[in-house]
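K.L.:
Following the hints, complete the assembly by docking chains B and C onto the known chain A.
Protein chains in written order, with this note's numbering: chain A, 193 to 737; chain B, 598 to 773; chain C, 838 to 1017.
Source of the hints: derived by calculation from the structure; they are not laboratory data.
Some hints here could point you the wrong way.
Unchecked claim - Straight-line C-alpha distance at most 20 angstroms; calculated EDC-like pairs for lysine to aspartate or glutamate: (1) A:K479 <-> C:D990; (2) A:K479 <-> B:E624; (3) A:K613 <-> A:D674; (4) C:K961 <-> B:E624; (5) B:K771 <-> B:E688; (6) B:K638 <-> B:D744.
Said to hold, decoys possible - Selected chain B positions facing chain C (Cβ under 8 angstroms, derived; list incomplete): (7) W603; (8) V630; (9) S632; (10) R633; (11) L634; (12) P649; (13) G671; (14) W673; (15) R700; (16) V725; (17) G726; (18) E727; (19) I730; (20) G733.
Stated by the list, open to error - For each label pair, taking beta carbons as the anchor points, the in silico distance ranges come out as: (21) B:I754 <-> C:F1010: 52 to 58 angstroms; (22) C:I974 <-> A:A522: 47 to 53 angstroms; (23) C:L993 <-> A:F401: 27 to 33 angstroms; (24) B:E637 <-> C:D990: 18 to 24 angstroms; (25) B:D761 <-> C:D990: 30 to 36 angstroms.
Quick caveat: nothing in here was measured; it's all calculated off a predicted structure.
Just so it is clear, CB atoms sit at the ideal spot from N, CA and C, and this is done for glycine as well.
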Amino acid sequence: MLLWVMVLAAAGALLALIERSLRPETLRATLGAQALLALGFFAFLLLASNPFARLNPAPPQGEGLNPLLQDPGLAFHPPTLYLGYVGLSVAFSLAVGALVTREVGPSLARAMRPWVLGSWVLLTIGITAGSYWAYYELGWGGWWFWDPVENASLMPWLAATALLHSVNVLAARGSLRAWTIMLAVIAFSMSMIGTFLVRSGILTSVHSFAVDPTRGAWILALLIFYTGGALLLFFLRASTVREGAQFEPVSREGALVANNLILSVILGTVFVGTLYPVAAEALTGEKISVGPPYFNLVTGPLVLILAALLFIGPLLRWRRDSRPNLKRIALPAIVTLIAFALTFLAAEISLLARLGLAFAAGLALASFLPLAGRKLLRTPLTIWGMVVSHLGIALAMAGAAADASLTREVLHAARPGEVLKVGPWQVRFSGVDPVAGPNWTAVEGHLVATRGERAIRLDPQSRFFYSPPTETNEAAITTAWDGQLYTVIGSREGDRWQLRLWWKPMVTLIWLGGALIALGGLMALLGRARRERRRTSPAFAEQPA
Amino acid sequence: MNRKLWLALPLIVFAAFVLAVGWRLSEPSDPTVRSRLVGEKVPAFALAPMLPGRPGLASADFAKGGPRLLNLFGSWCVPCIAEAPALLELEKRGVPIDAIALRDTPEDVARFLADHGDPFAAIGNDPVGEAKIALGSSGVPETFIVDRKGVIRFQHIGPIMPQDLARIMAEWEKVR
Amino acid sequence: MPRTLGAERPSTSLRSAQDERAQNFVRPERIRRDDGAQNFVRPERSRRTLALLVLALLATPANAQSNRPPAPYAYRQLENPAQEARANALMQELRCLVCQGQSIHDSDAEMAGDMRHLVRTRIKAGESPEEVRAWLIERYGSWVSYHPRLAGDTLLLWLAPLLLLLAGGWLAFRRLKVRR
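Looking at chain A on its own, in the form it has when it is part of the complex:
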């Protein structure tokens, strides 16, 4: 929480320092909103969640850091995640400030954009890092479980993605004013709801920490005040916001509206799915579980629609594109069909996974279409950023679909000398050795994995920490060009040892895709900054992206 309020305060300070283009009244209102946010959360920190509260008696060797957190991932995942989460507070404050002074227009969008983009990039990195960290640290080979806390981080990201696109439309064309304001309020509200879900204990999760119903009540009160207040303000003021320029359904704006629509539906679905068990139990008294089967089934098709939209959307002209040049997407469409046909080479996989792989292949190609016909070195960095991000989405989709359908798992209690076969690999188990580290002892298994000529040594461990007493699995993973071999050693059964081996083709594309999405955003951010600096004269009309 200390990190949370630190970022909140720093963001407000930075906003005050560097924001020049907003009207003073709006800036004042914005900073006031940001300060009000800080007031509430600092009060919470001091009164209900004091990190400096004394522990009496003090444990002689400290309480011990949870062994799962004794890992470099701890240095990446929380800071980037929090910078992203809480960076969205500036977008929220800007929206509130603009509603107060009734100044919703392109200048607001231009002020908001770098904050949204920056927070979104960091949030993307944070979620991607968290997913990869859980994947290699936890030892069950999964990377996303639709756990309530995971959803709590995904929902602000979805809102921020929609906001990102909306803010671009508002900046370039002056349209989608109400949408942009609404999304800005929702994005940070989702951050706060996420904080609430993680710390209140109302939903069981492997990721919860600092759980305490008192804290939950506090954060709920803050939520009611801030989100309720902002939504009320929106309700009262939004009708006075002037409509922006009109546009045809088939146009860049139209495609972006469709994009935001789908993203919002995904967001709404994840929200409903996460909280449904609570609502259902409140009304019927029955406990139900809503887990991966539901979420995968409903978000899958929506993501496919989004992918299809991405083929043509970035190519449409602003305001109206009455005869869109569909010939350009012919090649990606053909690639999609071929990829779909190729998926039938694999053993039985679900239709959703097939479509996922097929559309990912097509989208990977289609994401480059906006560059067609341009002088590549003269193309603005913002366009490159868009291309890279959309490519990242295609790769992540491919990785996710592959992991869901092409993974091979082998579970066997092996004696030393046995050879197990998983996917294209032969894995020979030669035995175990005891091993010690600074605060743990472990049983280390020795495996040699061969495929063709390559032989790789893998040493998974089953570790016992003493403070706090815990047992963890340290998976041994090797990354090949086409996937990862993931190995885990379990307990002893007589003279045998439990081994779990997975062959996961294309799984690294998930996080590579995530990294590209973030990189694209970073490029766009830098491109924008460069462009803003070049805008010296008012006669220099801004070119739409």
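P.N.:
Then chains B and C, alone, in the frame of chain A:
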């Protein structure tokens, strides 16, 4: 007017959210896993005898004979030691008790009974938790009260502590 | 497999602490049931000799979760790959009842192992995954399945995406229609 409705929608959704989570905060979720078979007949299972000279346990046994208690325990289970006096007390008051020993060996069970008392009539051997899951139990110790028709009428989760005896006796009276 | 617990509790489990349903705040005193996830012994802390390492390797802590071998099919795949695939898919959709939000496929808790054994033996015997799921729901309620069945109380859940799409679509349509 219509536009106003749309603009109010987020606020309405938020209000519903606050109501739902507010309710959950005020009534924290009960983490105990209760069996859904309370009120149903004892499910089919058949367990071999745990100790020589002591009969095993099967679901068919519950339809004949009289009402009784069914206790799930393990010699390795620490809270089971805590509830041993209560079970002895119940048996003293004339309540027949059958048991299912989870993941146990005859030697360990014999030693447990010698150390902590033996209120059990029949003891079934459940090496992999099949009967436990069939009953809808999620751990040891647990105690079921079964009536003369073989219908489960009550489930007590956790060890039977002295303060629980009154409730158990009351439930027992209902089926006797 | 994560098997950890917050450090506030004085006696925490060596093996399946993660699998305890209790949260990280201090609960009012109650004697915990032993579902196999309790351990009240601290391991040796000496790091000096290899002998002690070997001891750590071979010694099993006293009073650990039941200390018995897992059920046969808890960590063993079925011989028939098609059956194993069906069992695997089902195991990923069943909740570990004594864990904090994991499927029985991912959990190392003893009860999760028993449930895996049950799923595999029943599928091997010819039952369909749906039959096994229904049998478990009969005992533990809908909560045990991560797949919310389409029933009266989940109608709104399954319709939500469609309703949201229609509502949003209508909003967008009205917005675009204004021009004409």
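K.L.:
Hints first: check each against the structure and report whether it holds.
P.N.:
Here's how the hints hold up against the structure:
1. A:K479 <-> C:D990: 11 angstroms, holds
2. A:K479 <-> B:E624: 13 angstroms, holds
3. A:K613 <-> A:D674: Answer holds: K613 of chain A to D674 of chain A is near 17 angstroms, not above 20 angstroms.
4. C:K961 <-> B:E624: Violated, at roughly 42 angstroms.
5. B:K771 <-> B:E688: 17 angstroms, holds
6. B:K638 <-> B:D744: 9 angstroms, holds
7. W603: For W603 of chain B, the interface hint holds, since the closest Cβ of chain C sits about 6 angstroms away, which is under 8 angstroms.
8. V630: 5 angstroms, holds
9. S632: 6 angstroms, holds
10. R633: Result: holds, 5 angstroms to nearest chain C Cβ.
11. L634: 6 angstroms, holds
12. P649: 20 angstroms, violated
13. G671: Holds - the Cβ of G671 of chain B comes within 8 angstroms of chain C, reaching about 6 angstroms at its closest.
14. W673: 5 angstroms, holds
15. R700: 4 angstroms, holds
16. V725: 4 angstroms, holds
17. G726: Since the shortest Cβ distance to chain C is 4 angstroms, the answer is holds.
18. E727: 7 angstroms, holds
19. I730: With a minimum Cβ separation of about 6 angstroms from chain C (threshold 8 angstroms), the hint on I730 of chain B holds.
20. G733: OK, holds: G733 of chain B within 8 angstroms of chain C, min 4 angstroms.
21. B:I754 <-> C:F1010: 52 to 58 angstroms: Cβ of I754 of chain B to Cβ of F1010 of chain C: about 54 angstroms, so the range 52 to 58 angstroms holds.
22. C:I974 <-> A:A522: 47 to 53 angstroms: 50 angstroms, holds
23. C:L993 <-> A:F401: 27 to 33 angstroms: 31 angstroms Cβ-Cβ, so the 27 to 33 angstroms window holds.
24. B:E637 <-> C:D990: 18 to 24 angstroms: 21 angstroms, holds
25. B:D761 <-> C:D990: 30 to 36 angstroms: 33 angstroms, holds
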